[in-house]
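> Protein sequences appear in the order of chains A and B.
Each residue of the first sequence is one higher than the one before, starting from 1144 at the first, in the numbering used here.
Each residue of the second sequence is one higher than the one before, starting from 1144 at the first, in the numbering used here.
Simulated from the structure, these hints should not be mistaken for laboratory data.
Be aware that one or more of the hints could be misleading.
To be verified - Computed footprint of chain B on chain A, listed as stretches where at least three residues anywhere in the stretch have a Cβ under 8 Å from a Cβ of chain B:
no., region
1, 1149-1157
2, 1160-1173
3, 1187-1201
4, 1216-1227
5, 1238-1249
All values derive from a computational prediction rather than experimental measurement.
Cβ atoms here follow ideal geometry from the backbone N, Cα and C, with glycine treated the same way.
Take a look at the letters that make up each chain.
Protein chains: 2
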Amino acid sequence: MATGNIFQAIPQDIPQELFEVILEKPGVTIERIISKGHTTPKGAWYDQNNDEWVLLLQGEARVVFQGESEPYTLAVGDYLYIPAHVKHRVDWTSRTTETVWLAIHIVVDSLEDSQLK
Amino acid sequence: MATGNIFQAIPQDIPQELFEVILEKPGVTIERIISKGHTTPKGAWYDQNNDEWVLLLQGEARVVFQGESEPYTLAVGDYLYIPAHVKHRVDWTSRTTETVWLAIHIVVDSLEDSQLK
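Chain A with its partners taken away, still in its complex shape (with noise of 0.2 Å):
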């Protein structure tokens, strides 16, 4: 039985973002992002495959979407729906404490008849 806690075994030292898939089932994929001042670099956008879905757990971020002139500040708690191929970048997160994020990656494709279940 996979248990654990979502704020522990978090490194002293992150000079890069820290990514760790926490569950991998088909078509969804569980993860913990940690961040510390790490943000998407200037004029790079994600473009995604699969669905996003991302909480905020602790610290505090920024993100853009393409096209979109205002930010989205998320404090603890917030959460985001980032459909597929939505372009958007991490434009801030804090550099005095851990951001975690827990993002939920959900495959689009091949996954149709799973509605008819």
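Starting from the known structure of chain A, fit chain B onto it as the hints suggest.
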């Protein structure tokens, strides 16, 4: 863009355990559950067709798996993976605080092909 805060809009009175779907996609449902002293009726067991991953976000709870003598006591940040048909019950939740769970329900059937993507 579906956004929100997982700790908001918690009703004052919670006569029954509260189940709210946050996001529903083929193969995956993301749900918020709020308990306040609620438990699974004595002798009753959850026996689910789907895999479930739960993360306790607020409060405190105790989950028992059938055939195991020791319950899992869950505090903030603790998560638990409950494979389909692994029988379990919620033995106890705090009566003084709202216990907020995030539950990810993952359809097991019809998804085998998605691994091939």
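> The structure should be examined with respect to each hint, and the outcome stated for every one.
Going down the list of hints, with the structure as the test:
A count of 3 residues in the region 1149-1157 of chain A with a Cβ less than 8 Å from any Cβ of chain B is obtained; the coverage claim is therefore met, three being the minimum. Counting residues of the region 1160-1173 of chain A whose CB lies closer than 8 Å to any CB of chain B gives 7, which reaches the minimum of 3, so the coverage claim holds. With 4 residues having a Cβ less than 8 Å from any Cβ of chain B, the region 1187-1201 of chain A passes the three-residue criterion, so the hint holds. A stretch counts as covered by a chain when three or more of its residues have a beta carbon under 8 Å from one of that chain; for the region 1216-1227 of chain A and chain B the count is 8, and the coverage holds.
Three residues within the 8 Å Cβ limit are the bar, and the region 1238-1249 of chain A against chain B gives 3, so the coverage statement holds.
Every hint from the earlier list agrees with this structure, and none is contradicted.
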